[in-house]
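Colleague: As a plain string of letters, each chain reads:
2 protein chains.
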Amino acid sequence: MELFYTYQISDGICFLDQEESVHCVKVLRHRAGDQIDVIDGIGTLYHCRLLDAGPKGAQAAILSEVRGWGSHPYNLTIGCCPTKNNERFEWFVEKATEIGVDRIVPLIGERSERKVYKTDRARRIALSATKQSLKAVVPEIAEPVSVTSFVGQDAASLRLIAYCFEDGSHPRRSIKEALQGFDGKDVTVLIGPEGDFSQEEASLALEAGYIPVHLGPSRLRTETAAVISAAAVYLHFMD
Amino acid sequence: MELFYTYQISDGICFLDQEESVHCVKVLRHRAGDQIDVIDGIGTLYHCRLLDAGPKGAQAAILSEVRGWGSHPYNLTIGCCPTKNNERFEWFVEKATEIGVDRIVPLIGERSERKVYKTDRARRIALSATKQSLKAVVPEIAEPVSVTSFVGQDAASLRLIAYCFEDGSHPRRSIKEALQGFDGKDVTVLIGPEGDFSQEEASLALEAGYIPVHLGPSRLRTETAAVISAAAVYLHFMD
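Sequences listed follow chains A and B, in order. Letter by letter, the first sequence follows residues 1 to 239 in my numbering. Letter by letter, the second sequence follows residues 1 to 239 in my numbering.
Do not rely on the hints blindly, as some may be mistaken.
The list that follows gives simulated cross-link-like pairs (lysine-lysine, DSS-like), each with its CA atoms no further than 25 Å apart [stated by the list, open to error]:
| # | chain 1 | residue 1 | chain 2 | residue 2 |
| --- | --- | --- | --- | --- |
| 1 | B | Lys56 | B | Lys26 |
| 2 | A | Lys56 | A | Lys26 |
| 3 | B | Lys115 | B | Lys84 |
| 4 | A | Lys84 | A | Lys56 |
| 5 | A | Lys115 | A | Lys84 |
| 6 | B | Lys84 | B | Lys118 |
| 7 | A | Lys176 | B | Lys185 |
| 8 | A | Lys176 | B | Lys176 |
| 9 | B | Lys56 | A | Lys185 |
FYI, nobody ran anything at the bench for these hints, they're computed from the structure.
Make the full structure from the sequences, and use the hints.
Modeller: Right under this line is the structure:
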């Protein structure tokens, strides 16, 4: 099953941009009259018939639609400090999208080796992973924000921060234990940089109501920790 | 913490091979008298003092040892069909090693696009991921074997096969449900190729006592499915 993406839908017509049109018409050689499937990136799959097979701007008439297609029963935000090696973070974006994530927030921590992050590549990766994994919602890749300002903003009902040090007064539970019995929908998990969150960042998060967690006995790379968090939430909501 | 690896240990001396010696002496510039940490790849960490800092074959005297260092409370075998794109399978090897896996078996399935798999690169990746994630056991990367012959051999107490089709007479449960209440130690999970296992392979596995599972609603790439399986077992054994 091949999916195309567009945000331009009106009067029952999906308008593909040039990139999607080229892929549809030149690469996959679709012709007017062919049936194609289009996602709007915000939850709906449209079964369409190709009207105009122009490589600059193909158009397809909507035959039927499926709302909430490929959706998951939770709303997960992962705030993660981009890794020094960009590919590792992008790999996390791809895998979290496949597993099921709603929002990825690149966090800039005190100890981040990468203080600047451009979101354009991650957005392309999220879109292609969304199509590849047959989902209709493309996860939001937020603009980078500092850890300290993010923890003040986020309002998920379950907010977890994973760090590696022990703070006597706030013992960490495992992410599994923290999720146990949670019957809400909105979860946020924060994953620090290679050098971990700073004590100050952790304290601010705890003051803001975050629950300190660990991800088990294994020492995980930043991007692996972020994927394990997505997996823990995905598995928590699995029957 | 920097780890070195050797399988040559005798009379209280760890003998590093040339690659490890160069890394220890040339790259990290260790000198005789320095303390270094060495793993034997089968579970023990040795705190050592460097005696001979020769770049061709450094030697270190064992001061103390920690058995079962960085170990996990289960014994997990993942049989997975190597992906067409080698990097994706190697990525799984790295991530599963970080999370905690004991044996990775490259499976050749009827529908495998990759019918030949060379294990040398995967072994190097497993070793470096073991050191990087501070474990003392290097997961075994077995030689490739066909799905049909593997399912006849393996004798783990919990054997799961993940495939994507529905077989009316053998409904699949989720991997989470299949793990629930399992208090054994030995788990094997089989993950098929991009084209999935064949009906025949699945039937053979079921006859051999495998439990058919799915990995939840998301459509996962082969390597992501394999990592999710490792994560599910890791989380099952997490407190």
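Colleague: Does each hint fit the structure? Answer for all of them.
Modeller: Verification of the supplied hints:
no., hint, in the structure
1, B:Lys56 x B:Lys26, "holds (10 Å)"
2, A:Lys56 x A:Lys26, "holds (10 Å)"
3, B:Lys115 x B:Lys84, "holds (9 Å)"
4, A:Lys84 x A:Lys56, "violated (38 Å)"
5, A:Lys115 x A:Lys84, "holds (9 Å)"
6, B:Lys84 x B:Lys118, "holds (13 Å)"
7, A:Lys176 x B:Lys185, "holds (19 Å)"
8, A:Lys176 x B:Lys176, "holds (13 Å)"
9, B:Lys56 x A:Lys185, "violated (58 Å)"
Checked against the numbered hints given earlier, the structure breaks hints 4, 9 and satisfies all the rest.
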